[in-house]
Amino acid sequence: MALQALQSSGVTFRRILSHFPEELSLAFAYGSGVYRQAGPNSDQKNAMLDFVFTVDDPVAWHSKNLKKNWNHYSFLKVLGPKIITSIQNNYGAGVYYNSLIMCDGRLIKYGVISTSILIEDLLNWNNLYIAGRLQKPVKIVTMNEDITLRSALDRNLKSAVTAAFLMLPESFSEEDLFIEIAGLSYSGDFRMLVGEDKTKVLNIVKPNIAHFRELYGSILQENPQVVYKSQQGRLEIDKSPEGQFTQLMTLPKSLQQQINHIMDPPGKNRDVEETLFQVAHDPDCGDVVRLGLSAIVRPSSIRQSTKGIFTAGMKKSVIYSSLKLHKMWTGWLRKTS
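Residue 1 is where the sequence shown starts when you use my numbering, and the numbers rise one by one after that.
Hints in this document: simulated from the structure, not taken from any laboratory. Incorrect hints may appear among the rest.
[To be verified] Derived Cβ-Cβ restraints for the label pairs, each shown as a range:
1) N71 / E222: 45 to 55 Å
2) V78 / D57: 40 to 50 Å
3) R14 / K206: 27 to 37 Å
[Unchecked claim] With a straight-line cut-off of 27 Å between C-alpha atoms, the simulated DSSO-like cross-links for lysine-lysine are:
4) K64 / K239
5) K77 / K229
6) K253 / K239
7) K158 / K239
8) K64 / K82
9) K239 / K307
10) K67 / K307
11) K77 / K64
12) K82 / K158
13) K229 / K158
14) K109 / K82
15) K253 / K158
16) K82 / K68
17) K253 / K109
18) K68 / K109
19) K82 / K67
20) K253 / K307
21) K253 / K229
22) K67 / K77
23) K268 / K253
24) K239 / K109
25) K64 / K109
26) K239 / K229
27) K68 / K307
28) K307 / K82
29) K109 / K77
Small disclaimer: the values here were computed from a predicted structure and weren't measured. Quick reminder that beta carbons are idealized off the backbone N, C-alpha and C, glycines included.
Taking the hints into account, I'd like the entire structure generated from these sequences.
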(Lines of atoms letter the chains of each structure in order from A; the text may use other names.)
(Lines give C-alpha, C1' and ligand atoms only; values in the text may rest on other atoms or scores of the structure.)
Protein backbone atom coordinates (compact mmCIF):
# COMPACT_ATOMS: atom_id res chain seq x y z
CA MET A 1 0.00 0.00 0.00
CA ALA A 2 1.52 3.28 -1.16
CA LEU A 3 0.33 5.28 1.82
CA GLN A 4 2.23 3.11 4.29
CA ALA A 5 5.51 4.41 2.92
CA LEU A 6 4.82 7.74 4.62
CA GLN A 7 4.02 6.27 8.05
CA SER A 8 5.45 8.45 10.81
CA SER A 9 7.06 7.36 14.03
CA GLY A 10 7.35 10.98 15.18
CA VAL A 11 7.25 11.31 18.95
CA THR A 12 5.56 14.72 18.66
CA PHE A 13 2.53 13.29 16.88
CA ARG A 14 2.21 10.32 19.22
CA ARG A 15 2.42 12.59 22.27
CA ILE A 16 -0.38 14.76 20.91
CA LEU A 17 -2.46 11.68 20.12
CA SER A 18 -2.13 10.49 23.72
CA HIS A 19 -4.37 13.40 24.80
CA PHE A 20 -7.35 11.92 22.91
CA PRO A 21 -9.51 8.79 23.18
CA GLU A 22 -7.68 5.82 21.68
CA GLU A 23 -10.43 4.36 19.49
CA LEU A 24 -9.11 5.57 16.13
CA SER A 25 -9.19 3.59 12.89
CA LEU A 26 -6.89 6.17 11.27
CA ALA A 27 -5.12 9.31 12.44
CA PHE A 28 -2.97 11.45 10.18
CA ALA A 29 -1.26 14.83 10.28
CA TYR A 30 -1.07 17.06 7.21
CA GLY A 31 -0.34 20.58 5.99
CA SER A 32 2.48 23.06 6.35
CA GLY A 33 3.26 22.02 9.93
CA VAL A 34 4.15 18.53 8.71
CA TYR A 35 5.61 18.96 5.21
CA ARG A 36 7.66 21.98 4.26
CA GLN A 37 5.90 24.36 1.90
CA ALA A 38 7.22 27.25 -0.14
CA GLY A 39 5.89 30.78 0.25
CA PRO A 40 4.11 32.20 3.32
CA ASN A 41 3.64 28.72 4.87
CA SER A 42 7.36 27.94 4.96
CA ASP A 43 7.76 28.45 8.74
CA GLN A 44 7.26 24.86 9.91
CA LYS A 45 8.44 25.50 13.45
CA ASN A 46 5.53 27.81 14.34
CA ALA A 47 2.92 26.39 11.96
CA MET A 48 -0.29 24.95 13.33
CA LEU A 49 -0.41 21.14 13.19
CA ASP A 50 -3.47 19.79 11.37
CA PHE A 51 -4.88 16.34 12.20
CA VAL A 52 -7.76 14.15 11.07
CA PHE A 53 -9.07 11.41 13.37
CA THR A 54 -11.19 8.65 11.82
CA VAL A 55 -13.49 6.83 14.25
CA ASP A 56 -15.87 3.88 13.89
CA ASP A 57 -18.32 5.18 16.53
CA PRO A 58 -18.38 9.02 16.58
CA VAL A 59 -20.96 9.25 19.40
CA ALA A 60 -18.84 7.12 21.74
CA TRP A 61 -15.65 8.94 20.73
CA HIS A 62 -17.07 12.45 21.22
CA SER A 63 -18.55 11.34 24.55
CA LYS A 64 -15.10 10.35 25.81
CA ASN A 65 -13.41 13.38 24.24
CA LEU A 66 -15.89 15.77 25.87
CA LYS A 67 -14.90 14.33 29.24
CA LYS A 68 -11.18 14.63 28.48
CA ASN A 69 -11.17 17.85 26.42
CA TRP A 70 -14.35 19.79 27.20
CA ASN A 71 -12.65 23.13 26.43
CA HIS A 72 -11.80 22.06 22.85
CA TYR A 73 -15.43 22.40 21.78
CA SER A 74 -17.51 25.49 21.00
CA PHE A 75 -20.90 26.20 22.60
CA LEU A 76 -22.18 23.08 20.74
CA LYS A 77 -20.67 20.91 23.51
CA VAL A 78 -23.69 21.62 25.72
CA LEU A 79 -25.85 19.76 23.17
CA GLY A 80 -23.97 16.50 23.84
CA PRO A 81 -22.20 13.86 21.72
CA LYS A 82 -25.26 12.74 19.75
CA ILE A 83 -26.01 16.22 18.40
CA ILE A 84 -22.30 16.85 17.74
CA THR A 85 -22.17 13.60 15.75
CA SER A 86 -25.33 14.55 13.83
CA ILE A 87 -23.75 17.90 12.90
CA GLN A 88 -20.53 16.08 11.96
CA ASN A 89 -22.20 13.50 9.71
CA ASN A 90 -25.07 15.44 8.14
CA TYR A 91 -23.65 18.88 7.37
CA GLY A 92 -20.67 20.05 5.35
CA ALA A 93 -18.23 17.35 4.28
CA GLY A 94 -18.89 14.88 7.10
CA VAL A 95 -16.07 16.13 9.33
CA TYR A 96 -16.19 18.03 12.65
CA TYR A 97 -13.23 20.36 13.35
CA ASN A 98 -12.00 21.75 16.64
CA SER A 99 -9.59 24.61 15.87
CA LEU A 100 -6.85 26.63 17.57
CA ILE A 101 -6.22 24.14 20.39
CA MET A 102 -3.06 24.22 22.50
CA CYS A 103 -1.95 20.61 22.98
CA ASP A 104 1.41 19.46 24.30
CA GLY A 105 2.92 22.88 23.60
CA ARG A 106 1.74 23.04 19.98
CA LEU A 107 -1.17 24.82 18.34
CA ILE A 108 -3.33 22.22 16.60
CA LYS A 109 -6.55 21.79 14.67
CA TYR A 110 -8.23 18.39 14.46
CA GLY A 111 -11.10 17.01 12.45
CA VAL A 112 -13.17 13.96 13.36
CA ILE A 113 -14.83 11.86 10.66
CA SER A 114 -16.74 8.58 10.69
CA THR A 115 -14.83 5.65 9.14
CA SER A 116 -17.82 4.75 6.95
CA ILE A 117 -18.21 8.32 5.64
CA LEU A 118 -14.48 8.55 4.89
CA ILE A 119 -14.57 5.26 2.96
CA GLU A 120 -17.51 6.57 0.91
CA ASP A 121 -15.61 9.78 0.11
CA LEU A 122 -12.45 7.87 -0.81
CA LEU A 123 -14.31 5.57 -3.19
CA ASN A 124 -16.94 7.90 -4.67
CA TRP A 125 -15.62 11.46 -4.09
CA ASN A 126 -18.94 12.59 -2.59
CA ASN A 127 -17.20 15.65 -1.11
CA LEU A 128 -13.55 15.25 -2.12
CA TYR A 129 -12.68 16.93 1.18
CA ILE A 130 -10.79 14.48 3.40
CA ALA A 131 -10.26 12.28 0.32
CA GLY A 132 -8.51 15.31 -1.21
CA ARG A 133 -6.26 15.70 1.83
CA LEU A 134 -5.23 12.07 1.40
CA GLN A 135 -4.23 12.61 -2.23
CA LYS A 136 -1.30 14.66 -0.95
CA PRO A 137 1.53 13.45 1.32
CA VAL A 138 0.40 13.01 4.92
CA LYS A 139 1.97 11.57 8.06
CA ILE A 140 0.08 8.49 9.19
CA VAL A 141 0.27 8.44 12.99
CA THR A 142 -1.87 5.35 13.54
CA MET A 143 -3.92 2.99 11.36
CA ASN A 144 -5.74 -0.22 12.23
CA GLU A 145 -5.98 -3.35 10.11
CA ASP A 146 -9.30 -2.44 8.44
CA ILE A 147 -8.92 -3.99 4.97
CA THR A 148 -11.86 -2.01 3.58
CA LEU A 149 -10.33 1.31 4.68
CA ARG A 150 -6.89 0.42 3.35
CA SER A 151 -8.35 -0.63 0.00
CA ALA A 152 -10.33 2.63 -0.21
CA LEU A 153 -7.17 4.67 0.51
CA ASP A 154 -5.42 2.95 -2.41
CA ARG A 155 -8.45 3.41 -4.67
CA ASN A 156 -8.46 7.15 -3.92
CA LEU A 157 -4.84 7.52 -5.02
CA LYS A 158 -5.46 5.59 -8.25
CA SER A 159 -8.54 7.71 -8.99
CA ALA A 160 -6.47 10.88 -8.45
CA VAL A 161 -3.95 9.69 -11.03
CA THR A 162 -6.71 8.87 -13.54
CA ALA A 163 -8.43 12.25 -13.14
CA ALA A 164 -5.10 14.05 -13.53
CA PHE A 165 -4.28 12.05 -16.70
CA LEU A 166 -7.52 13.24 -18.29
CA MET A 167 -6.53 16.88 -17.74
CA LEU A 168 -2.93 16.57 -18.95
CA PRO A 169 -1.42 16.39 -22.47
CA GLU A 170 0.10 13.26 -23.99
CA SER A 171 3.56 13.95 -22.52
CA PHE A 172 4.35 15.74 -19.26
CA SER A 173 6.68 15.88 -16.27
CA GLU A 174 6.29 14.36 -12.81
CA GLU A 175 5.90 17.86 -11.43
CA ASP A 176 3.06 18.57 -13.89
CA LEU A 177 1.29 15.42 -12.71
CA PHE A 178 1.73 16.13 -9.01
CA ILE A 179 0.54 19.74 -9.41
CA GLU A 180 -2.58 18.45 -11.17
CA ILE A 181 -3.20 15.86 -8.43
CA ALA A 182 -2.61 18.33 -5.60
CA GLY A 183 -5.05 20.74 -7.23
CA LEU A 184 -7.94 18.28 -7.62
CA SER A 185 -9.51 19.08 -4.25
CA TYR A 186 -9.08 22.85 -4.79
CA SER A 187 -11.04 22.90 -8.08
CA GLY A 188 -13.83 25.40 -7.53
CA ASP A 189 -12.99 25.84 -3.83
CA PHE A 190 -14.22 29.32 -2.90
CA ARG A 191 -11.42 29.57 -0.28
CA MET A 192 -8.94 29.89 -3.15
CA LEU A 193 -10.63 33.20 -3.98
CA VAL A 194 -10.68 34.51 -0.40
CA GLY A 195 -8.21 33.56 2.31
CA GLU A 196 -5.88 31.11 0.56
CA ASP A 197 -2.60 31.91 -1.17
CA LYS A 198 -3.22 31.66 -4.94
CA THR A 199 0.06 29.75 -5.40
CA LYS A 200 -0.91 27.24 -2.70
CA VAL A 201 -0.81 24.15 -4.94
CA LEU A 202 2.60 25.00 -6.37
CA ASN A 203 3.93 25.71 -2.87
CA ILE A 204 2.73 22.29 -1.71
CA VAL A 205 4.27 20.35 -4.58
CA LYS A 206 7.65 21.97 -5.31
CA PRO A 207 9.40 21.20 -1.98
CA ASN A 208 7.80 17.73 -1.79
CA ILE A 209 8.38 16.07 -5.16
CA ALA A 210 10.14 13.15 -3.44
CA HIS A 211 7.17 12.61 -1.10
CA PHE A 212 4.70 12.66 -4.01
CA ARG A 213 6.93 10.21 -5.89
CA GLU A 214 6.94 7.91 -2.88
CA LEU A 215 3.14 8.10 -2.68
CA TYR A 216 2.43 7.52 -6.38
CA GLY A 217 5.52 5.76 -7.79
CA SER A 218 4.25 2.18 -7.61
CA ILE A 219 0.81 3.16 -8.97
CA LEU A 220 2.45 4.80 -12.00
CA GLN A 221 4.78 1.81 -12.55
CA GLU A 222 1.84 -0.61 -12.54
CA ASN A 223 -0.57 1.50 -14.66
CA PRO A 224 -0.84 -0.04 -18.17
CA GLN A 225 -1.91 3.28 -19.73
CA VAL A 226 1.25 5.22 -18.92
CA VAL A 227 4.91 5.03 -19.88
CA TYR A 228 6.68 6.19 -16.72
CA LYS A 229 10.31 7.19 -17.32
CA SER A 230 11.19 7.63 -13.66
CA GLN A 231 14.88 8.39 -14.31
CA GLN A 232 13.99 11.35 -16.52
CA GLY A 233 10.90 12.28 -14.48
CA ARG A 234 8.72 12.12 -17.62
CA LEU A 235 5.45 10.38 -18.44
CA GLU A 236 3.51 9.58 -21.61
CA ILE A 237 -0.15 8.53 -21.62
CA ASP A 238 -2.72 7.23 -24.08
CA LYS A 239 -4.83 10.20 -25.23
CA SER A 240 -6.83 8.29 -27.83
CA PRO A 241 -10.64 8.35 -27.42
CA GLU A 242 -10.45 4.67 -26.46
CA GLY A 243 -7.83 5.36 -23.80
CA GLN A 244 -9.78 8.33 -22.41
CA PHE A 245 -13.01 6.32 -22.33
CA THR A 246 -11.27 3.62 -20.28
CA GLN A 247 -10.05 6.29 -17.84
CA LEU A 248 -13.45 8.00 -17.62
CA MET A 249 -15.15 4.67 -16.85
CA THR A 250 -12.89 4.13 -13.82
CA LEU A 251 -13.48 7.59 -12.28
CA PRO A 252 -15.32 7.77 -8.93
CA LYS A 253 -19.11 7.60 -9.21
CA SER A 254 -19.85 11.18 -8.08
CA LEU A 255 -17.48 12.65 -10.67
CA GLN A 256 -19.02 10.52 -13.44
CA GLN A 257 -22.48 11.72 -12.39
CA GLN A 258 -21.40 15.37 -12.39
CA ILE A 259 -19.90 14.99 -15.88
CA ASN A 260 -23.15 13.39 -17.05
CA HIS A 261 -25.15 16.26 -15.55
CA ILE A 262 -22.94 18.86 -17.30
CA MET A 263 -23.01 17.18 -20.71
CA ASP A 264 -26.52 15.69 -20.87
CA PRO A 265 -28.85 18.11 -22.73
CA PRO A 266 -32.33 18.68 -21.24
CA GLY A 267 -34.75 15.93 -22.26
CA LYS A 268 -32.08 13.51 -23.50
CA ASN A 269 -31.69 11.52 -20.26
CA ARG A 270 -28.70 9.57 -21.53
CA ASP A 271 -27.05 7.05 -19.27
CA VAL A 272 -23.65 7.82 -17.79
CA GLU A 273 -21.73 5.42 -20.05
CA GLU A 274 -23.15 7.03 -23.20
CA THR A 275 -22.18 10.50 -21.96
CA LEU A 276 -18.66 9.39 -21.00
CA PHE A 277 -18.23 7.86 -24.47
CA GLN A 278 -19.09 11.27 -26.00
CA VAL A 279 -16.72 13.10 -23.62
CA ALA A 280 -13.89 10.69 -24.50
CA HIS A 281 -14.11 11.89 -28.12
CA ASP A 282 -14.34 15.57 -27.15
CA PRO A 283 -11.13 17.63 -27.57
CA ASP A 284 -12.18 19.50 -24.41
CA CYS A 285 -12.42 16.31 -22.36
CA GLY A 286 -10.04 17.63 -19.69
CA ASP A 287 -12.06 20.83 -19.26
CA VAL A 288 -15.24 18.82 -18.75
CA VAL A 289 -13.54 16.72 -16.05
CA ARG A 290 -12.37 19.91 -14.36
CA LEU A 291 -15.92 21.31 -14.39
CA GLY A 292 -17.14 18.06 -12.84
CA LEU A 293 -14.58 18.35 -10.05
CA SER A 294 -15.60 21.97 -9.38
CA ALA A 295 -19.24 20.88 -9.12
CA ILE A 296 -18.24 18.52 -6.27
CA VAL A 297 -15.73 20.74 -4.46
CA ARG A 298 -17.45 24.14 -4.53
CA PRO A 299 -20.62 23.27 -2.56
CA SER A 300 -18.68 20.96 -0.25
CA SER A 301 -16.14 23.64 0.68
CA ILE A 302 -18.85 26.27 1.23
CA ARG A 303 -20.92 23.98 3.47
CA GLN A 304 -17.89 22.85 5.48
CA SER A 305 -16.62 26.41 6.00
CA THR A 306 -20.08 27.55 7.10
CA LYS A 307 -20.24 24.65 9.55
CA GLY A 308 -16.81 25.66 10.86
CA ILE A 309 -18.22 28.94 12.20
CA PHE A 310 -20.38 26.94 14.61
CA THR A 311 -17.99 24.08 15.43
CA ALA A 312 -15.09 26.45 16.13
CA GLY A 313 -17.18 29.23 17.71
CA MET A 314 -17.37 32.82 16.49
CA LYS A 315 -14.22 34.06 18.25
CA LYS A 316 -12.01 31.24 16.96
CA SER A 317 -13.53 31.53 13.48
CA VAL A 318 -12.60 35.21 13.30
CA ILE A 319 -9.04 34.47 14.49
CA TYR A 320 -8.65 31.54 12.08
CA SER A 321 -9.97 33.56 9.13
CA SER A 322 -7.61 36.41 10.03
CA LEU A 323 -4.65 34.03 9.97
CA LYS A 324 -5.69 32.77 6.52
CA LEU A 325 -6.05 36.31 5.17
CA HIS A 326 -2.67 37.25 6.67
CA LYS A 327 -1.02 34.35 4.83
CA MET A 328 -2.69 35.39 1.57
CA TRP A 329 -1.57 39.02 2.06
CA THR A 330 1.98 37.95 2.93
CA GLY A 331 2.13 35.82 -0.22
CA TRP A 332 0.91 38.72 -2.34
CA LEU A 333 3.51 41.08 -0.84
CA ARG A 334 6.32 38.59 -1.53
CA LYS A 335 5.30 38.32 -5.17
CA THR A 336 5.09 42.09 -5.66
CA SER A 337 8.26 43.05 -3.76
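Hints and how they fare:
1. N71 / E222: 45 to 55 Å: Hint holds: Cβ distance 48 Å, inside 45 to 55 Å.
2. V78 / D57: 40 to 50 Å: Hint violated: Cβ distance 21 Å, outside 40 to 50 Å.
3. R14 / K206: 27 to 37 Å: 29 Å Cβ-Cβ, so the 27 to 37 Å window holds.
4. K64 / K239: Answer violated: K64 to K239 is near 52 Å, above 27 Å.
5. K77 / K229: 53 Å, violated
6. K253 / K239: 22 Å, holds
7. K158 / K239: Holds - the C-alpha atoms of K239 and K158 are around 18 Å apart, at most 27 Å.
8. K64 / K82: 12 Å, holds
9. K239 / K307: Between K239 and K307 the Cα gap is close to 41 Å, so the pair fails against 27 Å, i.e. violated.
10. K67 / K307: 23 Å, holds
11. K77 / K64: Roughly 12 Å separates the two Cα atoms, so the pair holds.
12. K82 / K158: 35 Å, violated
13. K229 / K158: Roughly 18 Å between the alpha carbons, so the hint for K229 and K158 holds.
14. K109 / K82: Roughly 21 Å separates the two Cα atoms, so the pair holds.
15. K253 / K158: Holds. K253 to K158 sits at ~14 Å (cutoff 27 Å).
16. K82 / K68: 17 Å, holds
17. K253 / K109: 30 Å, violated
18. K68 / K109: 16 Å, holds
19. K82 / K67: Satisfied, since the Cα-Cα distance of roughly 14 Å is no more than 27 Å.
20. K253 / K307: 25 Å, holds
21. K253 / K229: 31 Å, violated
22. K67 / K77: 10 Å, holds
23. K268 / K253: 20 Å, holds
24. K239 / K109: Cα-Cα ~42 Å, so violated.
25. K64 / K109: Within the cut-off at roughly 18 Å; holds.
26. K239 / K229: 17 Å, holds
27. K68 / K307: 23 Å, holds
28. K307 / K82: 16 Å, holds
29. K109 / K77: Within the cut-off at roughly 17 Å; holds.
Violation of the numbered hints given earlier is confined to hints 2, 4, 5, 9, 12, 17, 21 and 24; the remaining hints are satisfied by the structure.
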